[in-house]
Amino acid sequence: MKKVLVATGTSVNKMNSVAETIKKMCADKNVEVDVVAKNIYEVKLDEINPDVIVLLGPNKLETHIPIIDGIAFMTTIGVDQVIDDIISHL
1 MKKVLVATGT SVNKMNSVAE TIKKMCADKN VEVDVVAKNI YEVKLDEINP DVIVLLGPNK
61 LETHIPIIDG IAFMTTIGVD QVIDDIISHL
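Residue numbering for the sequence shown follows our numbering, starting at 1 and increasing by one per position.
Derived lysine to any residue pairs resembling SDA-like cross-links, with alpha carbons at most 25 Å apart: (1) K14 x E47; (2) K23 x M1; (3) K14 x Y41; (4) K3 x T75.
The set of hints was computed from the structure by calculation and includes no laboratory data.
Build out the structure end to end from the sequences listed, making use of the hints.
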């Protein structure tokens, strides 16, 4: 199963909410994903091995894994496009 990592350095509640939203919206498009939410300062990419990373806030990660800006989930503007971007990387 493909895996999405949602990472942020601040709000655990927002991070978990975004993770659930991604899982539901992908399921609505018949895409089954495992969505993992982690603190960006504690995450170990080699253990999680995500196919794509959704970052919330002004965080950065140095990796070859595709990274998508998740600000749309906080503003609710452009969420459908971000979901399509996530799916395109799976």
